[in-house]
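> As they're listed, the protein sequences go chains S and A. Numbering follows the numbering used here, in which position 290 of the first sequence is assigned residue number 290; successive positions increment by one, without gaps. Numbering follows the numbering used here, in which position 206 of the second sequence is assigned residue number 1206; successive positions increment by one, without gaps.
Certain hints may be false.
Selected chain A positions facing chain S (in silico; Cβ < 8 Å) [to be verified]:
1) 1116
2) 1120
3) 1122
4) 1125
5) 1128
6) 1129
7) 1191
Bear in mind the hints are in silico, worked out from the structure with no lab data behind them. Note that the Cβ used here is the ideal one computed from N, Cα and C, for glycine as well.
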Amino acid sequence: MAESIATRAAYGEFLVEEGARNKNLVVMDADLSGSTKTNGFAKACPERFFNMGIAEQNLMGAAAGLALSGKTVCASTFAMFASGRAFEIIRNSIGYTGANVKVCATHAGITVGEDGASHQTFEDIALMRTIPGMTVVNPSDAASTKILMRQVVEMEGPCYVRLGRASVPVFYDDYANITLGKGNVLRQGKDITVIATGIMVSSAMMAASQLAEEGIDVRVIDMHTIKPIDEEIIIEAANETGKIVTAEEHSVIGGLGSAVAEVVTRNCPVKIAMVGQHDTYGESGKPDELREKYGMTAADIVNAVRGLY
Amino acid sequence: MKRENKEYYEKIASRVRVDIIKAIYEAGSGHPGGSLSAADIMTALYFGEMTINPKKPQMPDRDRFVLSKGHAVPAQYAVLAERGYFPVEDIMTLRKLGSNFQGHGNMHYVPGIEMSTGSLGQGFSASIGMALAGKMDHSQGRVYVLLGDGELQEGIVWEAAMAAAHYKLNNLTAFVDWNGLQIDGENDKVMTVRPIDEKFGAFGWNVLRVNGHDFDEIFAAIDEAKLMKNKPTLILCRTVKGKGVSFMENQAGWHGKAPNEEEAKKAVAELGGEW
């Protein structure tokens, strides 16, 4: 059984490592440093950590000011408040200015769990990818979080990184060949392609193993970068496998499924089924119970594949 | 910085006001009222205070100015032009398709603009980040930011105000252009912002009050702010919306309306300019 680590925990470890090496890195938070895991950096580099209190708008506005003064800024809070409450600040002060701010938002999606609907965002990928110049990243496990964060910090300009609360299986190794902006084919297959992002990637791998026993040869792609999206890998999958299932811990409106559909309809129309949150709010419960109730498990991917196959 | 007498700055401010009227007339839209009320504050900063270099707008350790009430950008364009950042003729393309002189300032198009603003409150928030960065870098540069009074109704302003005091940003000086009017009418009728001084005082700021059209008072307050050891300073500037143009003064209707040719000519004449 693979080790299980939350992507937010990997993010926290990355910040401490990067902070020791990169003196230009500034980290900001809005009173959630214990949850977003920025507290390790706060302890290691207190002179470069700013807690802005429970004030997400000013978190983003001040992050822009620091970045426009030459700093590389990682600004963290829960995804709901980063992308939702502070949307317009991110759009105008970070996006429009091209500020070098990495909005690293944790507790995205249904796996927030017991906190319930007010804290479970399914809209953040949709909101963030409409902002011109914004890179949108949703790592699938702890190892790839660190690998991608390194590239996110090195690139110039605004970026949204979606991280989770719950522990998820680690399936990449620490030196995996992962490139920002390039999808990763984790499993070759010729019958159908599952394009997944975030914590749905490991579910997609489980689904593919199960479907292989039924004789369905499933290709699995980790689409960790949702914007700019890897069009080539999508077109290739559409042409070679003829059918696509998308899987995300996010609304099927505006997220990965929509992004894939935008590419497919323009280039190589094929049928797409979307696994994700279907236009509804969440509720309190354990992450696994919620994934089951709202249809975001390996079994849901299996069903979606069967439905299309 | 060695300063001239106040008549020197008043003359520059009159030229700035003429530029504002002409640019907004050429654009056919824009915000004359709040540009005219803020013109003296910006003239004081750019001509009598800030360490800047129009030939090197990105000079390290420069003082920075953020126009948080971004709709008054015609005043900033005019001040920057008069200060030598670019020719005054350039700003007559204000608000035209393809112009660098956007309806609200864009930092990537116009040298001297430190922050793209327009959505109220955000410039103030960005100035907090700039002041934090200045502290980290032990920069000699100060950060100046100008807010409107109506702008104070934005929630982010108070988030930012709290943070500035918490981090003891004595390298930050904020101005409020208190002309008392906003789009829908008087502040007091739309949404009371008073007492501005007591509110900022309660948030932990050093607060000074001046006549925002008296250069001696403005400079005295700017100098006093620099002596503060552990607090940001707010300079509450009592101003007249539409200042300098008789028929625009204290008229909320001139918040966001361009003058026609006759009105523009009359305004320019009142300001002692040539059409």
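> If a hint holds in the structure, say so; if it doesn't, say that too.
Hints, verified against the model:
1. 1116: Because about 5 Å separates residue 1116 of chain A from the closest Cβ in chain S, which is inside the 8 Å limit, the hint holds.
2. 1120: violated (10 Å)
3. 1122: Constraint on residue 1122 of chain A satisfied, holds at 5 Å.
4. 1125: holds (2 Å)
5. 1128: holds (5 Å)
6. 1129: This interface hint holds because 2 Å falls under the 8 Å limit.
7. 1191: For residue 1191 of chain A, the interface hint is violated, since the closest Cβ of chain S sits about 18 Å away, which is over 8 Å.
When the structure is compared with the earlier hints, violations turn up for hints 2, 7 and for no others.
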